[in-house]
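Residue numbers (the numbering used here), protein chains in the order written: chain A, 858 to 1200; chain B, 858 to 1200; chain C, 858 to 1200.
By construction, these hints were calculated from the structure, which means they are not laboratory data.
One should not assume that every hint holds.
To be verified - Below, simulated EDC-like cross-link-like pairs (lysine to aspartate or glutamate); rule was C-alpha separation at most 16 Å, straight line:
| id | chain 1 | residue 1 | chain 2 | residue 2 |
| --- | --- | --- | --- | --- |
| 1 | A | Lys861 | B | Glu1049 |
| 2 | C | Lys861 | A | Glu1147 |
| 3 | B | Lys1024 | B | Asp1191 |
| 4 | B | Lys861 | C | Glu1060 |
| 5 | B | Lys1178 | B | Asp1191 |
| 6 | B | Lys861 | C | Glu1057 |
| 7 | A | Lys861 | B | Asp1055 |
| 8 | C | Lys1024 | C | Asp1150 |
| 9 | A | Lys1024 | A | Asp1191 |
| 10 | A | Lys861 | B | Glu1147 |
| 11 | B | Lys861 | C | Asp1055 |
| 12 | B | Lys1151 | B | Glu1057 |
| 13 | C | Lys1151 | C | Glu1029 |
| 14 | C | Lys861 | A | Glu1049 |
| 15 | C | Lys861 | A | Glu1060 |
| 16 | B | Lys1087 | C | Asp1063 |
| 17 | A | Lys1007 | A | Glu869 |
| 18 | C | Lys861 | A | Asp1063 |
| 19 | C | Lys1008 | C | Glu869 |
| 20 | B | Lys978 | B | Asp870 |
| 21 | A | Lys861 | B | Glu1057 |
| 22 | A | Lys1087 | B | Asp1063 |
| 23 | B | Lys861 | C | Asp1063 |
| 24 | B | Lys861 | C | Glu1147 |
Residues per chain, in single letters:
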Amino acid sequence: MAAKTNAGRFFEDYAIGQVLEHAVPRTVSGGERALYHALYPARHALYSSDQFAQDCGLSASPIDDLAAFHVVFGKTVPDVSLNAVANLGYAEGRWLLPVYPGDTLRSTSEVIGLKQNSNGKTGVVYVRTRGLNQRDEVVMEYCRWVMVRKKNLDAPAPETVLPDLKKVLSVEDLVIPEGLDFTGYDFTLAGEPHRWGDYEIGETIDHVDGVTIEEAEHMLATRLWQNTAKVHFDLTFRPDGRLIYGGHVISMARALSFNGLANAQMIVGLNGGAHANPCFAGDTVKAWTEVLDKAETSAPGVGAIRLRLVATKGGAPFVLKGEDGRYDKNVLLDLDYWALMPM
Amino acid sequence: MAAKTNAGRFFEDYAIGQVLEHAVPRTVSGGERALYHALYPARHALYSSDQFAQDCGLSASPIDDLAAFHVVFGKTVPDVSLNAVANLGYAEGRWLLPVYPGDTLRSTSEVIGLKQNSNGKTGVVYVRTRGLNQRDEVVMEYCRWVMVRKKNLDAPAPETVLPDLKKVLSVEDLVIPEGLDFTGYDFTLAGEPHRWGDYEIGETIDHVDGVTIEEAEHMLATRLWQNTAKVHFDLTFRPDGRLIYGGHVISMARALSFNGLANAQMIVGLNGGAHANPCFAGDTVKAWTEVLDKAETSAPGVGAIRLRLVATKGGAPFVLKGEDGRYDKNVLLDLDYWALMPM
Amino acid sequence: MAAKTNAGRFFEDYAIGQVLEHAVPRTVSGGERALYHALYPARHALYSSDQFAQDCGLSASPIDDLAAFHVVFGKTVPDVSLNAVANLGYAEGRWLLPVYPGDTLRSTSEVIGLKQNSNGKTGVVYVRTRGLNQRDEVVMEYCRWVMVRKKNLDAPAPETVLPDLKKVLSVEDLVIPEGLDFTGYDFTLAGEPHRWGDYEIGETIDHVDGVTIEEAEHMLATRLWQNTAKVHFDLTFRPDGRLIYGGHVISMARALSFNGLANAQMIVGLNGGAHANPCFAGDTVKAWTEVLDKAETSAPGVGAIRLRLVATKGGAPFVLKGEDGRYDKNVLLDLDYWALMPM
Chain A
858 MAAKTNAGRF
868 FEDYAIGQVL
878 EHAVPRTVSG
888 GERALYHALY
898 PARHALYSSD
908 QFAQDCGLSA
918 SPIDDLAAFH
928 VVFGKTVPDV
938 SLNAVANLGY
948 AEGRWLLPVY
958 PGDTLRSTSE
968 VIGLKQNSNG
978 KTGVVYVRTR
988 GLNQRDEVVM
998 EYCRWVMVRK
1008 KNLDAPAPET
1018 VLPDLKKVLS
1028 VEDLVIPEGL
1038 DFTGYDFTLA
1048 GEPHRWGDYE
1058 IGETIDHVDG
1068 VTIEEAEHML
1078 ATRLWQNTAK
1088 VHFDLTFRPD
1098 GRLIYGGHVI
1108 SMARALSFNG
1118 LANAQMIVGL
1128 NGGAHANPCF
1138 AGDTVKAWTE
1148 VLDKAETSAP
1158 GVGAIRLRLV
1168 ATKGGAPFVL
1178 KGEDGRYDKN
1188 VLLDLDYWAL
1198 MPM
Chain B
858 MAAKTNAGRF
868 FEDYAIGQVL
878 EHAVPRTVSG
888 GERALYHALY
898 PARHALYSSD
908 QFAQDCGLSA
918 SPIDDLAAFH
928 VVFGKTVPDV
938 SLNAVANLGY
948 AEGRWLLPVY
958 PGDTLRSTSE
968 VIGLKQNSNG
978 KTGVVYVRTR
988 GLNQRDEVVM
998 EYCRWVMVRK
1008 KNLDAPAPET
1018 VLPDLKKVLS
1028 VEDLVIPEGL
1038 DFTGYDFTLA
1048 GEPHRWGDYE
1058 IGETIDHVDG
1068 VTIEEAEHML
1078 ATRLWQNTAK
1088 VHFDLTFRPD
1098 GRLIYGGHVI
1108 SMARALSFNG
1118 LANAQMIVGL
1128 NGGAHANPCF
1138 AGDTVKAWTE
1148 VLDKAETSAP
1158 GVGAIRLRLV
1168 ATKGGAPFVL
1178 KGEDGRYDKN
1188 VLLDLDYWAL
1198 MPM
Chain C
858 MAAKTNAGRF
868 FEDYAIGQVL
878 EHAVPRTVSG
888 GERALYHALY
898 PARHALYSSD
908 QFAQDCGLSA
918 SPIDDLAAFH
928 VVFGKTVPDV
938 SLNAVANLGY
948 AEGRWLLPVY
958 PGDTLRSTSE
968 VIGLKQNSNG
978 KTGVVYVRTR
988 GLNQRDEVVM
998 EYCRWVMVRK
1008 KNLDAPAPET
1018 VLPDLKKVLS
1028 VEDLVIPEGL
1038 DFTGYDFTLA
1048 GEPHRWGDYE
1058 IGETIDHVDG
1068 VTIEEAEHML
1078 ATRLWQNTAK
1088 VHFDLTFRPD
1098 GRLIYGGHVI
1108 SMARALSFNG
1118 LANAQMIVGL
1128 NGGAHANPCF
1138 AGDTVKAWTE
1148 VLDKAETSAP
1158 GVGAIRLRLV
1168 ATKGGAPFVL
1178 KGEDGRYDKN
1188 VLLDLDYWAL
1198 MPM
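Turn these sequences into a full structure, and let the hints steer you where they fit.
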């Protein structure tokens, strides 16, 4: 009987080169946009106003880049992380095309790395996931690696294959949306006067604002992305509290970063990310940013900025790791991404 | 002064043949769809992707069948169940036309049965409710009976009329949406390989997943359907806790049933249903299904399957009633419906 | 570093005649409408059904007037009330054009009054705020005055300028939407039979229903309007509880007033308003109304009615102020507005 429900894949079920076609395509609309703005204090103008987006050379205001990421990511959960012990990392994330209301997204993942752990009970699976639209164009892609349980401990260990992933995307790797032009950028409507040239490598910004998280909110968000991992919803499964989807913290921190980075409009690259500590309802999420790098691009008036975005649940800003090299207990997220700003 | 507010109808206010035109028509959009996906872990592909729905012969992805039901039902509350003591049953529910974004729904109910209870204080009212779109086409209909208080205990008892309602709709009663064609059905995108032929009558499926319910969520849902029954919202009216709208449990259980019934795409018939026990915030809803019947249809590749969907708030799956014939204390919902699956 | 985040304006930063162009324009869609109906028990038919609105002479169902107000208001917070000690009052609020899905709104405010308080530490700032659409048409405007802290106590006091604001808008000040025609108004679909002629000046209506408010709900609402004032979101900032955005109470009370005022369809004027006491999660909001005035208009079948809408969190209806002239401790809101009704 239980055979009809999805038990998820175990470590021995993956093989190098395997392509997983994930289920449940999704058409997005203004409804997803409105909910994104209700769930997060998102205010980047390009994702709020059709007119502002058109003045920047796009056809309309896209769905938030992170909303597109969540939709693509959510579909992978039943095939990749249902039996995951831990979400270990991200790399080579690239946004290749804006997603507009009316677009239909689906996801596929290719297994690009495998390594059984020495305990023989778990292994690490590396996948490259792609989100495609209704024209089969890739709208985004990223690599992720997770630790997955073995079900059959006698299954032989696969040959170890470790993918060669870039620690950091170079500016040449980034794809600037066609037509994007910041030469007529309206800083007043965007909310802050600071342009690309005003940020210095090494500079840190405390985004000041905080949001205390409620159970209803993170569950609404996680369901919206059709991510149905049990740990986020079922208190009887995890009596110490429903674990908040890491993507909820990413979106919350990014939205909070508006205050100081209102002009870091579009996310185009994800270099890496760690969910340093679990987040639960009742935590108050705050965020700070460190400017890691800057680069010019070929698009008119468009600069690229590499940012470390850190979400915390307490403590002082700018504290990341202890002397032992481990994340401070208040750090929830350490995310390394590239964004596009007006020069 | 209070004369201007709606006190609702009492038992003596109903008469056989009476037609109630319910208020507040409603235009639905992608917003309702996005909210439905945020409120419930809904993943049936036909209701998630325009492209998938078009590949099945529809013009676009419809609003979830249960969302259409909730919109139609919500409008009846001020006229039918404001003074109801209990919602006793459903029968002969049929979905006749898909509801698409842009459609405007309204509801009417005809009184088809009346029976005063022997205590002289309450009576049972049977109504047949129809939901209509902006072209005055009936999109769905169902019968419901509720126990309603008398206000004037001296009002004479009406002649008892008990409608002759089918215990179960036959497959000939079901209406298959025009153009529906499952011959090219994509099982991979739908999420599970199990087709109509893979299910056996008597088979039971534990849907495994659970959701712990929050106050904010059920109130958002119930308001969205413009159901304003006081018991769901006002803690001062019902200090033991806000009673959760039974339809919230129906939608939650149906969405959870994706895990094992991902291909039971469209709901076309409601044979009956009982809200066995009240549901409150904090309860963790799980679900199981029993296959009650199967039938072929005239549409290409489309089979019908009759399912008993049971929602629980604890206990083991597959426990329905005790030896005394009463529902187990953990059973929230016992719903009997017909769905359409690829053969 | 902190220089890049918005510290808000202090009293000495305002000058008479100054025009503040507020940031983050916003395109609204069916998503905002669906969320409005999920957040509030809103049932006015003109804002629920395209068909009903078209039968009243409009092109489609507009976004709720208060949703338009919240969108316009939310944009002003970073420039006007980030350092406000208190929101003191509203006047001369007028809705000039309906807002439809697809419209893009932005806001500007002009400083029209300044008065430093005798303590030398704070002052009162009066602004006239306008909301504009993508065609630069003014869709609504209102005056608001707030008490704002000085940062530099040595800054000289500005010349006192007190704007001459109308205590009450006259019916000639109100703008009736072009084409509005209530001569074919469908009272059955609207939900109540009471027309303009059925209401008497001095009449009071207890709206009966109540809603117990949850944290998640008011935060979703407040974020949706891109109002990011810290007091509404950050429990560590205000440990006695997150203060609920006053506009959430306005919308809740207005929606509750459907029960008794279902035909007070469109809000066209805001004469004044006071947030009498703070509202916190757990409070149960109820509402009552007093009819203050009535007037005919030039539009076919359209009457204007001036209403005092009072929201409470307990106590009996119709209690407003004590013998000392101060608001009763249970009064949350005292709002004076003009609405349009079928005659």
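Now for the hints, and whether the structure bears them out:
Pair hint lysine 861 of chain A plus glutamate 1049 of chain B holds up; C-alpha atoms about 8 Å apart against a cutoff of 16 Å. Between lysine 861 of chain C and glutamate 1147 of chain A the alpha-carbon distance is near 13 Å, which keeps this suggested pair within the 16 Å criterion. With a C-alpha separation of about 14 Å, the suggested pairing of lysine 1024 of chain B with aspartate 1191 of chain B holds against the 16 Å cut-off. Under the criterion of a C-alpha separation no larger than 16 Å, the hint pairing lysine 861 of chain B with glutamate 1060 of chain C is consistent with the structure, at around 11 Å.
As the CA atoms of lysine 1178 of chain B and aspartate 1191 of chain B are separated by approximately 10 Å, the hinted pair is consistent with the 16 Å bound. Taking the CA atoms of lysine 861 of chain B and glutamate 1057 of chain C, the gap is near 12 Å; set against the 16 Å cutoff, the hint holds. Taken as a hint, the lysine 861 of chain A and aspartate 1055 of chain B pair is honoured in the structure, with Cα atoms around 9 Å apart against an allowance of 16 Å. Distance restraint check for lysine 1024 of chain C and aspartate 1150 of chain C: the Cα-Cα separation of roughly 14 Å lies within the 16 Å cut-off, and the hinted pair is therefore satisfied.
Between lysine 1024 of chain A and aspartate 1191 of chain A, the direct Cα distance comes to roughly 14 Å. Compliance with the 16 Å bound is thereby established for this hinted pair. Distance check on the hinted pair: lysine 861 of chain A and glutamate 1147 of chain B sit about 13 Å apart at the alpha-carbon level, within 16 Å; holds. Simply put, lysine 861 of chain B and aspartate 1055 of chain C have alpha-carbon atoms about 9 Å apart, close enough for the 16 Å limit, and the pair holds. Simply put, lysine 1151 of chain B and glutamate 1057 of chain B have alpha-carbon atoms about 8 Å apart, close enough for the 16 Å limit, and the pair holds.
Between the alpha carbons of lysine 1151 of chain C and glutamate 1029 of chain C the distance comes to roughly 12 Å, so the proposed pair stays at or under 16 Å and holds. For a cut-off of 16 Å, the pair hint linking lysine 861 of chain C to glutamate 1049 of chain A stands: about 8 Å separates their Cα positions. At roughly 11 Å between alpha-carbon atoms, lysine 861 of chain C and glutamate 1060 of chain A fall within 16 Å of each other, so this suggested pair holds. The hinted pair formed by lysine 1087 of chain B and aspartate 1063 of chain C meets the criterion: a straight-line CA distance of about 15 Å does not exceed 16 Å.
For the proposed pair lysine 1007 of chain A and glutamate 869 of chain A, the alpha carbon gap of about 6 Å is at most 16 Å, so the pair holds. Between lysine 861 of chain C and aspartate 1063 of chain A the alpha-carbon distance is near 9 Å, which keeps this suggested pair within the 16 Å criterion. For a cut-off of 16 Å, the pair hint linking lysine 1008 of chain C to glutamate 869 of chain C stands: about 8 Å separates their Cα positions. For the suggested pair lysine 978 of chain B and aspartate 870 of chain B, the alpha carbons sit about 14 Å apart, so the restraint of at most 16 Å is met.
Using a Cα cut-off of 16 Å, the hinted pair lysine 861 of chain A and glutamate 1057 of chain B holds, with the two alpha carbons roughly 12 Å apart. Distance check on the hinted pair: lysine 1087 of chain A and aspartate 1063 of chain B sit about 15 Å apart at the alpha-carbon level, within 16 Å; holds. Of the pairs offered as hints, the one joining lysine 861 of chain B and aspartate 1063 of chain C holds, with about 9 Å between alpha carbons and a cut-off of 16 Å not exceeded. Our distance criterion of 16 Å between C-alpha atoms is met by lysine 861 of chain B and glutamate 1147 of chain C, whose separation comes to about 13 Å.
Every hint, counting from the list given before, is met by this structure.
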